[in-house]
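*Asks:* Spelled out, the chains give:
Number of protein chains: 2
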Amino acid sequence: MKAINLEEKLTKFDEYWSPRIVAEVNNHQIKVAKSLGSFVWHKHDDSDEMFLVIKGKLIIEFRDRKVTLNPGDLCVVPKGVEHRPVSPEEAHVLLFEPKGLLNTGDTKSDLTADNPEWI
Amino acid sequence: MKAINLEEKLTKFDEYWSPRIVAEVNNHQIKVAKSLGSFVWHKHDDSDEMFLVIKGKLIIEFRDRKVTLNPGDLCVVPKGVEHRPVSPEEAHVLLFEPKGLLNTGDTKSDLTADNPEWI
Chain C
20 MKAINLEEKL TKFDEYWSPR IVAEVNNHQI KVAKSLGSFV WHKHDDSDEM
70 FLVIKGKLII EFRDRKVTLN PGDLCVVPKG VEHRPVSPEE AHVLLFEPKG
120 LLNTGDTKSD LTADNPEWI
Chain D
20 MKAINLEEKL TKFDEYWSPR IVAEVNNHQI KVAKSLGSFV WHKHDDSDEM
70 FLVIKGKLII EFRDRKVTLN PGDLCVVPKG VEHRPVSPEE AHVLLFEPKG
120 LLNTGDTKSD LTADNPEWI
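Protein chains in written order, with this note's numbering: chain C, 20 to 138; chain D, 20 to 138.
Since the hints were derived computationally from the structure, they do not count as laboratory data. Check each hint, because a few of them may be wrong.
Any copy, or any two copies together, can satisfy a pair, since identical chains are not distinguished.
[Stated by the list, open to error] Below, a list of computed lysine-lysine pairs in the BS3-like style, where the Cα atoms sit at most 30 Å apart:
| # | residue 1 | residue 2 |
| --- | --- | --- |
| 1 | LYS127 | LYS21 |
| 2 | LYS85 | LYS118 |
| 3 | LYS31 | LYS127 |
| 4 | LYS76 | LYS53 |
| 5 | LYS85 | LYS74 |
| 6 | LYS53 | LYS74 |
| 7 | LYS53 | LYS21 |
| 8 | LYS118 | LYS31 |
| 9 | LYS118 | LYS98 |
Can you make the complete structure from the sequences, with help from the hints?
*Replies:* Shown next, in the form of structure tokens:
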């Protein structure tokens with residue numbers, strides 16, 4: 020049991036779209052990620068996914084709408100719903116999702132992070 | 020799918036130690052709470068619990084240590100571990116915990132919130 024500082028964790032890596040694990044809560048993990056530019060369209064058939072913006076701006080594009088997240092905003096993407104995260108400026112994001120969730124869901128991509136690191 | 024702003028949600032209530040639900044992610048919920056003073060000693064036999072401080076200061080007392088959380092700090096309390104949250108100054112806190120988790124765990128108290136509201 021210890022304090023985990025998100026800003027400090029975010030100094031430990033620079034790669035965009037490469038989530039790192041900072042904690043586990045039951046069957047879920049808390050990850051942090053940096054984003055810039057466009058990610059890939061994908062969905063997670065078996066899981067919801069939560070994005071909370073700590074810094075910068077993250078737009079979650081859906082097929083029928085866009086949701087813009089500024090610091091202090093969160094959005095839950097329901098399971099099975101196609102989405103594409105886009106950051107017009109660098110963002111720092113906290114993710115809450117089940118252990119083992121693949122960042123690119125059902126889409127194979129160079130951005131697929133098979134085995135995210137603990138930091 | 021929409022943006023949920025935590026600060027705006029936190030303007031909707033004033034009661035301390037009375038978590039409100041803002042979102043669901045799979046079998047878990049995201050809640051916000053305001054804290055001031057001392058909560059009760061308790062544990063959750065079947066669940067971990069995560070505290071992330073948004074504003075102010077929250078100290079999580081354990082039987083053998085204290086963990087001080089400032090804004091941007093989180094702490095996971097493992098299941099079965101006795102703890103008492105204490106806020107020497109008002110804090111705003113984000114909680115990740117399973118649906119139905121009782122705020123006072125195995126301890127019955129006037130602070131027990133049986134049926135937290137969605138806001």
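*Asks:* So, for every hint listed, does it hold in this structure?
*Replies:* For each hint, the structure was consulted:
Taking the closest pair of Cα atoms, LYS127 and LYS21 come within 30 Å of each other only across two copies (27 Å); inside a single copy the shortest separation is 36 Å, beyond that limit. With identical chains, the CA atoms of LYS85 and LYS118 are at most 30 Å apart both within one copy (27 Å) and between copies (28 Å). With identical chains, the CA atoms of LYS31 and LYS127 are at most 30 Å apart within one copy only, with a shortest distance of 26 Å there and 42 Å across copies. In the homo-oligomer, the alpha carbons of LYS76 and LYS53 lie at most 30 Å apart both inside one protomer (11 Å) and across protomers (26 Å), since each shortest distance falls under that limit.
Within a single copy, LYS85 and LYS74 get their C-alpha atoms as close as 19 Å, and across copies as close as 29 Å, so both meet the 30 Å cut-off. Taking the shortest alpha-carbon separations for LYS53 and LYS74, both the intra-copy value of 9 Å and the inter-copy value of 22 Å come in at or below 30 Å. Taking CA atoms no more than 30 Å apart as the test, LYS53 paired with LYS21 passes in both settings, with 23 Å inside one copy and 21 Å between copies. For a Cα distance limit of 30 Å, the shortest separation of LYS118 from LYS31 inside one copy, 21 Å, qualifies, whereas the shortest one across copies, 33 Å, does not.
Taking the shortest alpha-carbon separations for LYS118 and LYS98, both the intra-copy value of 15 Å and the inter-copy value of 17 Å come in at or below 30 Å.
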